[in-house]
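This is what each chain is made of:
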Amino acid sequence: MSTTTAGIIFILSLVAALVAVYKPFGDYLYRVVSGTRHSRPERGLYRVMGVNPAAEQSWGVYARSVLAFSAVSILFLYAFMRLQNHLWLSLGFEPVVTHGAWNTAVSFVTNTNWQWYSGESTMGHLVQMAGLAVQNFVSAAVGVAVAVALVRGFARSRTGELGNFWVDLTRITLRILLPVCVLATIALMIGGAVQNLSAGTDATTLTGAAQHLTGGPVASQEAIKDLGTNGGGFYNVNSAHPFENPTSWTNWIEIFLLLVIPFSLPRVFGRMVGQNRQGYAIVAVMAILALGSIAVTNGFELTGHGTVPQAVSAALEGKETRFGVSNSAMFASSTTLTSTGSVDSFHDSYTALGGGMLILNMMLGEVAPGGVGAGLYGLLILAVITVFVAGLMVGRTPEYIGKKISSREIKLASLYFLVTPALVLAGTAAAFATGNNSTALNVGPHGLSEVLYAFTSASNNNGSAFAGLTVSTPWWNTALGICMLLGRFLPIILVLALAGSLARQQPTPASEGTLPTHRPLFVGMVVGVTVILVALTFLPALALGPLAEGL
Amino acid sequence: MRLPTWLAQHLAALRALLVFTVLLGLAYPLAMVAIGQIPGLAGKADGSLVSVNGKTVGSSLIGQSFTDADGNPVPRYFQSRPSAAGDGYDPTATSASNLGPEDIVDTIATNPDDSTQSLLTQVCTRSKAIGALDGVDGRRPYCTADGVGAVLAVFRRDGLTGPVARVVSVNQVAPATAFVTTYEGVPVELAQPGHDYRAEGGVITPIRGDAPAQPAVPTDAVTASGSGLDPHISPAYAEIQVARVARERGADPAEIRRLLREHTTGRALGFMGEPAVNVLELNLALDKKFPPR
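Heads up: the sequence lines are chains A and B, in that order.
Residues in the first sequence are numbered consecutively from 0, following numbering that gives the first Met the number 0.
Residues in the second sequence are numbered consecutively from 0, following numbering that gives the first Met the number 0.
Don't take each hint at face value.
[Claimed, not checked] Computed spacing ranges between beta-carbons, pair by pair:
id : chain 1 : residue 1 : chain 2 : residue 2 : range
1  : B       : ASN52     : A       : LEU543    : 54 to 62 Å
2  : A       : THR97     : B       : VAL185    : 32 to 40 Å
3  : A       : LEU196    : B       : THR109    : 44 to 52 Å
4  : A       : SER120    : B       : PRO211    : 41 to 49 Å
5  : B       : ALA30     : A       : PRO519    : 41 to 49 Å
6  : A       : GLY91     : B       : GLN36     : 19 to 27 Å
7  : B       : GLY208    : A       : LEU196    : 48 to 56 Å
8  : A       : LEU391    : B       : ALA30     : 53 to 61 Å
[As the list claims (entries may be wrong)] Okay, the calculated bits of chain A under chain B, using three or more residues with CB under 8 Å as the criterion:
id : stretch
9  : 71-77
10 : 238-244
11 : 338-347
These are calculated hints, taken from the structure and not from any lab test.
Positions of the beta carbon are idealized from the N, C-alpha and C atoms, including for glycine.
Please build the complete structure, drawing on both the sequences and the hints.
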């Protein structure tokens, strides 16, 4: 079988698996977030936390709960890293430097998982499993909780209540993320991923050299890293490391974990608003954008344009033998389309246009299918903007799922859309204006791509990198930390405000002139609006980087 | 006493975080460590370590260098891919090269310690060396015969336009011979240390040359992996090494090839990943069956 054929079957097998679980897993997610019964252990947890699970929250209270939880998490994680040398299993590592600890604390709480450090030489086992990996779970749960709150805004009427953040957080973590992770960890261990508390083993190689083989609770962290679309690897080289991702079939499992929750959440949306076809329309938008991007990226990587790929006769630099070019490109597309940021190959060495596609994937705003939760609320914002644009064309007040999109709603949606481009473009400009772009490894257009990639990744909470750029300096750690923080929480506040104003409305019955939002026409319009908005915003920046290099 | 709402909210947040830290940060990973100790999983969870005569020689999942103390290949062993992890296959400093597809101009400084090779020159140098070691054609497109990137800086009279005024082979310094003598009728100069010809206005122009599009030295032999710890090579790269290993060990090449086939894994389920040869396991099997003379 040729490489290309095998690559296509690999992609189709993932598509088939995602289609197969859409209904059952989506329905399970729906039951978790909309059930009214609290299990006995959960009631116990609510007592320990000191919260009343029956209390409904307004959008303001919900938002303040999200922010309080995240603020406490950042402080806790910062202190954890600064004090790691006093704790167990620190492997003798020093406290993490101040600007680095700030960056990493923000990075893991915002579900970005940008890594300026090498895990194997910076973080002890306890910080990894009880600090970083805990945020892998709860930051993912926060994303899903906010998405569910927005959907409640569409589903409910004449109420200020959007649910209870603490209940959503607890249920999503314990009933969805944890059980799937237990199964995934066992599968990864069968493949060969390590799971121990060892400080490592000293080996003497066949030719007599010393080699220190690292240990650690890797498999358990790997599972949530992918399922929660986090992306922060136990090791510097992330899922390319054979201890994180040992075989071509664990690679398949990891890609499936990246995609399964984001692609199943539209089912929850459809169920909650009482029209499954609305969920199908949203998942269709995601799938069209994702499949298009995957096909194009695979095409660029397998063709291998560019001087070095031509000299090599394949774009294999930075890729593992066991995965090959096509499966690596599939992983890269999935990780940038989902705001995950874990990598099984190194994007900096991709062909110019293949690497450019990865930047474009993030610039789409992480909606195809996007991060857990964040992808769904991002795409619903784009759907709102689309009905507004359609309303302008025919001169009617736009509606979506029976809710009027009036001036307040469209203002919130527009502000949401503007946050990340402002951060990406201002950040990139600031790096060049202050000369901090000089830490780029590559020169010319590729150097600009490295800087642009860094700000795009941080502001969209992705976390992958063109890793040639050295970002362990105070300026980079501070600047990217600010982008991650604003890129996560400004949109969340705007989404919850939108949810609040939608929930207050009384539903408008559909009439002759209502634009149906479950038909192919609307799906095509959302795809179009997404691509046009992103192209208008970012094409000039892309022209200076990947396009200049690749054409 | 009733706490102010904002304080109560942050206290709830702190308690929630502590609860989750115990459950997800301690109970979950430790339970997984325990599961990893059941028979069948234990070896894998501990790192798939490989021992010979009671001494750990490596992990079957982690590649290693089969080179001597000076970094030269030990010819009786199959060689691994190039590695960007530390000084090569260092699990405490995992890394890819992160060099881009158009990284083709070497930095040749006046102080040789400050010089760096472009990715293209690294590829060309490796290809030439492997060609010499294994007796195959080491030529590649965009590479000079002396094993650096075949790249010219072309200066035109009016910047980007006009007749060619001057041409420099940017990756070659004296005493090399320029890989082409003239370009559009203008004699090609060698590079001088300490110059950045791109910044000086030269248009960087890689020259394809006449090497075959599918070179004899396979792709994985000249590229660094993502992890820097890649335990595998392609069957094609193993194949060109068979004759050398057989000669060094005084073995029949057909016997070596049979051993090679035993240590080659195909695609999982027939379509996942690429066929690969585990180099450490193959070399261990060789040492056992054909002890070095």
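We went through each hint and held it up to the structure:
1. B:ASN52 x A:LEU543: 54 to 62 Å: holds (59 Å)
2. A:THR97 x B:VAL185: 32 to 40 Å: violated (56 Å)
3. A:LEU196 x B:THR109: 44 to 52 Å: holds (51 Å)
4. A:SER120 x B:PRO211: 41 to 49 Å: holds (42 Å)
5. B:ALA30 x A:PRO519: 41 to 49 Å: Taking Cβ atoms as reference, B:ALA30 and A:PRO519 lie about 47 Å apart, which means the hint holds.
6. A:GLY91 x B:GLN36: 19 to 27 Å: holds (25 Å)
7. B:GLY208 x A:LEU196: 48 to 56 Å: At roughly 54 Å between Cβ atoms, A:LEU196 and B:GLY208 fall inside 48 to 56 Å, so the hint holds.
8. A:LEU391 x B:ALA30: 53 to 61 Å: Holds, at about 56 Å.
9. 71-77: holds (count 3)
10. 238-244: With 4 residues close enough to chain B, the hint holds.
11. 338-347: With 5 residues in contact (Cβ-Cβ under 8 Å with chain B), the coverage given for the stretch 338-347 of chain A holds.
Taken one by one, the earlier hints fail for this structure only at number 2.
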